[in-house]
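These protein sequences, in sequence, are chains A and B.
All letters in the first sequence, in the order written, are residues 1 to 378 by the working numbering.
All letters in the second sequence, in the order written, are residues 1 to 378 by the working numbering.
Among these hints, one or two may not hold up.
No copy labels: a pair is met if it fits in one copy or bridges any two.
[Unchecked claim] Taking lysine to aspartate or glutamate pairs in the DMTMM-like style, the calculated list, with each CA pair at most 20 Å apart, reads: (1) Lys231 to Asp13; (2) Lys205 to Asp243; (3) Lys174 to Asp361; (4) Lys325 to Asp120; (5) Lys357 to Asp13; (6) Lys43 to Glu328; (7) Lys325 to Glu72; (8) Lys43 to Asp361; (9) Lys231 to Glu202.
Treat the hints as calculated values from the structure; they're not laboratory data.
This structure is a prediction, so every number in the text was calculated from the model and none was measured.
There are 2 protein chains.
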Amino acid sequence: MSNAFSFRLQTTDGAARRGEIVTPHGRVQTPAFMPVGTQATVKGLMPEAVAATGAEIVLGNTYHLMLRPGAERIAALGGLHAFMNWPLPLLTDSGGFQVMSLSALRRLEEHGVTFRSHLDGAMVELSPERAIEIQALLGADIAMQLDECIGLPASAEEIARAMQLSLRWAERCKRAFEGRVREGYALFGIVQGGDDPALRAESAKALTGIGFEGYAIGGLAVGEPQEVMLKIVAETAPMLPQDRPRYLMGVGTPDDLLQAVARGIDMFDCVLPTRNGRHGMAFTRYGSINLANARHANDARPLDEQSAHPTARTYSRAYLHHLTKANELLGQVLLSTINLAYYQALMAGMREAIAAKRFADFQAATKARWEQGDIATM
Amino acid sequence: MSNAFSFRLQTTDGAARRGEIVTPHGRVQTPAFMPVGTQATVKGLMPEAVAATGAEIVLGNTYHLMLRPGAERIAALGGLHAFMNWPLPLLTDSGGFQVMSLSALRRLEEHGVTFRSHLDGAMVELSPERAIEIQALLGADIAMQLDECIGLPASAEEIARAMQLSLRWAERCKRAFEGRVREGYALFGIVQGGDDPALRAESAKALTGIGFEGYAIGGLAVGEPQEVMLKIVAETAPMLPQDRPRYLMGVGTPDDLLQAVARGIDMFDCVLPTRNGRHGMAFTRYGSINLANARHANDARPLDEQSAHPTARTYSRAYLHHLTKANELLGQVLLSTINLAYYQALMAGMREAIAAKRFADFQAATKARWEQGDIATM
Chain A
1 MSNAFSFRLQ TTDGAARRGE IVTPHGRVQT PAFMPVGTQA TVKGLMPEAV
51 AATGAEIVLG NTYHLMLRPG AERIAALGGL HAFMNWPLPL LTDSGGFQVM
101 SLSALRRLEE HGVTFRSHLD GAMVELSPER AIEIQALLGA DIAMQLDECI
151 GLPASAEEIA RAMQLSLRWA ERCKRAFEGR VREGYALFGI VQGGDDPALR
201 AESAKALTGI GFEGYAIGGL AVGEPQEVML KIVAETAPML PQDRPRYLMG
251 VGTPDDLLQA VARGIDMFDC VLPTRNGRHG MAFTRYGSIN LANARHANDA
301 RPLDEQSAHP TARTYSRAYL HHLTKANELL GQVLLSTINL AYYQALMAGM
351 REAIAAKRFA DFQAATKARW EQGDIATM
Chain B
1 MSNAFSFRLQ TTDGAARRGE IVTPHGRVQT PAFMPVGTQA TVKGLMPEAV
51 AATGAEIVLG NTYHLMLRPG AERIAALGGL HAFMNWPLPL LTDSGGFQVM
101 SLSALRRLEE HGVTFRSHLD GAMVELSPER AIEIQALLGA DIAMQLDECI
151 GLPASAEEIA RAMQLSLRWA ERCKRAFEGR VREGYALFGI VQGGDDPALR
201 AESAKALTGI GFEGYAIGGL AVGEPQEVML KIVAETAPML PQDRPRYLMG
251 VGTPDDLLQA VARGIDMFDC VLPTRNGRHG MAFTRYGSIN LANARHANDA
301 RPLDEQSAHP TARTYSRAYL HHLTKANELL GQVLLSTINL AYYQALMAGM
351 REAIAAKRFA DFQAATKARW EQGDIATM
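All chains should be modelled from the sequences, with the hints used to inform the complete structure.
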């Protein structure tokens, strides 16, 4: 636990970057995908199974954990790593995104946000200082600033207001974080500004001035088309320091990952591989496959017999179809595992391609295989 | 797959028996507990996780599998072992118990039972011959005769009628089974007769006359008090051939297992460890523990730090409480695993105690630890 946080950029290929993050709980090869462990668990998976997919870092949700079981309780139990038996790096979000999206009743003020808990109806306050305190109690290797994340489309005024508030909160988070002296731990700032390039530039510049160990691009994947998201990413990433990791929050599909890495992103998190896995959908090298479809009922082939992960090689489509139709827990577990393994294999493929300076070829080949589709494995 | 079915009785200690079953897919040490894989899966657990609890044989439910995905389909996909990726022995029930308990609409006749599928409303027929055919299609190492299992209490006439019908079906199952020539596979008969010792004796004698590779005691754990069940077991077991395994169907709690082994039973199956695990209940050496209880919220201790299974040693009660309260899939997975591991450890302890001729001591010490309760681990 004595590693100080650092990021080393190893290779670039165009805008794509191959690097390594060092945290108190270990190293993370970038570009990296972080499985989401909302309530101190990646849904349905033992921590060792998560690690076996290739994941080197998991995301925890401050909003959920502060409400249940509570940050002070987790701290008393030895922190989130010990609590969920995940010895590798953890990043926690600040809770802001979920306060905005999940609380029916909330009041946003300069000081912070007050909201009604969806669990017991109690009024709870989250300020920049409290967000940092909670993340320190959880023991996150990487903490995120509290920000205001708004949906798109939104008015220019609303976007500017939220971005400015997020900047003021960024400063307060930085001060609160420095006041705690957690040697080697990191705090990331979050660029806001909606789909307005000028506001994004202003946000990126101001955050860089404050100075963070890494920078996230927030407020995307909130309803806008992929091309809008990618345009903002392409414009924003170059404004961020070369020597700091860049994290695109809440993204995305396999294609989103490929495209965002091509535009200079290093880190991602998304519920898609696990959520879709729980609903019968598999992500594979040959595109996505809906296992609920009757055409799989007699198909003895595994999802990908050349996968590096045994689960994708072992179970037949017919069996996965059966488990999906029968709404069996094991179907959710197997497909979540298979999907996380595919996401990690995709990231590993990207890292290798960047290191070999052939990222464009890898991207083209990967997309061609998705489009060629499943029939090719017959 | 060349092992012929056999049973070898190795040691006895009082009525308790230590033995070994050999099947085409491997050996089973007895007394044995079979986890229930209702729909071709032990709910939520990867097959390797089931094996890692110590299970050497799993039970599959003919009723569920014949309706979905269908026995012919499973056969075309290589049989149930391949379908569910379970390479070790499988026993299938005949479907009779579930037809009786799950079908709202059914018609029982001499020929067999016709019932409405709970899945699509189709009328389906299950006869002794079809039950054997289905179990052969599934590829079960051990098949069960079709029987009529009635609830208790029931009238003497009703019990006698069902027992006699089950005997006639036993004969038809035996003929159907012999007609299929599945070298090394086994068929078990099922003793019926409710809580009437004379009817049980008649059933046991007639079945022994027909001749089976093993004998089950059915129609228990269907509503009667434990002492009635144990009395019937104690009276019935000695009427069965010494050199054949004895299987008490659908039983039971850890105490039921201990008491039934003491009365000469070799095999068990029950949904209790997995079903209760999915509802926040743990079986441990110190009795059963309801993880939903708030007293576990801050308890950093694992359920059993001396368990041979890592899952019971690793996760804190506070974490299991959190997962249970949050209704997280992983809570169901972890507690099902911990419970199956405890059941298997209990069986292993019984086997060792019988071999050492100290079963009575083991039984007393085990019950004392349950009663002493959880406080002892503080």
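Here is what the structure says about each hint:
1. In this homomeric assembly, Lys231 and Asp13 come within 20 Å of each other (Cα to Cα) only inside a single copy, at 19 Å, whereas the closest approach across copies is 77 Å.
2. Taking identical chains as interchangeable, the C-alpha atoms of Lys205 and Asp243 lie at most 20 Å apart only when both belong to the same chain, with a minimum of 15 Å there against 83 Å between chains.
3. Taking identical chains as interchangeable, the C-alpha atoms of Lys174 and Asp361 are never at most 20 Å apart, the minima being 40 Å within one chain and 64 Å between chains.
4. Taking CA atoms no more than 20 Å apart as the test, Lys325 paired with Asp120 passes between copies only; the shortest distance there is 13 Å, against 34 Å inside one copy.
5. Only within a single protomer do Lys357 and Asp13 lie at most 20 Å apart by alpha-carbon distance; the minimum there is 5 Å, versus 72 Å between protomers.
6. In this assembly of identical chains, Lys43 and Glu328 lie within 20 Å of each other by CA distance both inside one copy and across copies; the values are 14 Å within and 7 Å between.
7. In the homo-oligomer, the alpha carbons of Lys325 and Glu72 lie at most 20 Å apart only across protomers (18 Å), although the nearest pairing inside one protomer, at 41 Å, exceeds that limit.
8. For the identical chains of this complex, Lys43 and Asp361 are neighbours neither inside a copy (34 Å) nor across copies (43 Å), given an alpha-carbon limit of 20 Å.
9. Taking the shortest Cα distances, Lys231 and Glu202 sit within 20 Å of each other inside one copy (16 Å), while across copies they are farther apart (82 Å).
The structure fails to meet hints 3 and 8 from the earlier list, while all remaining hints are met.
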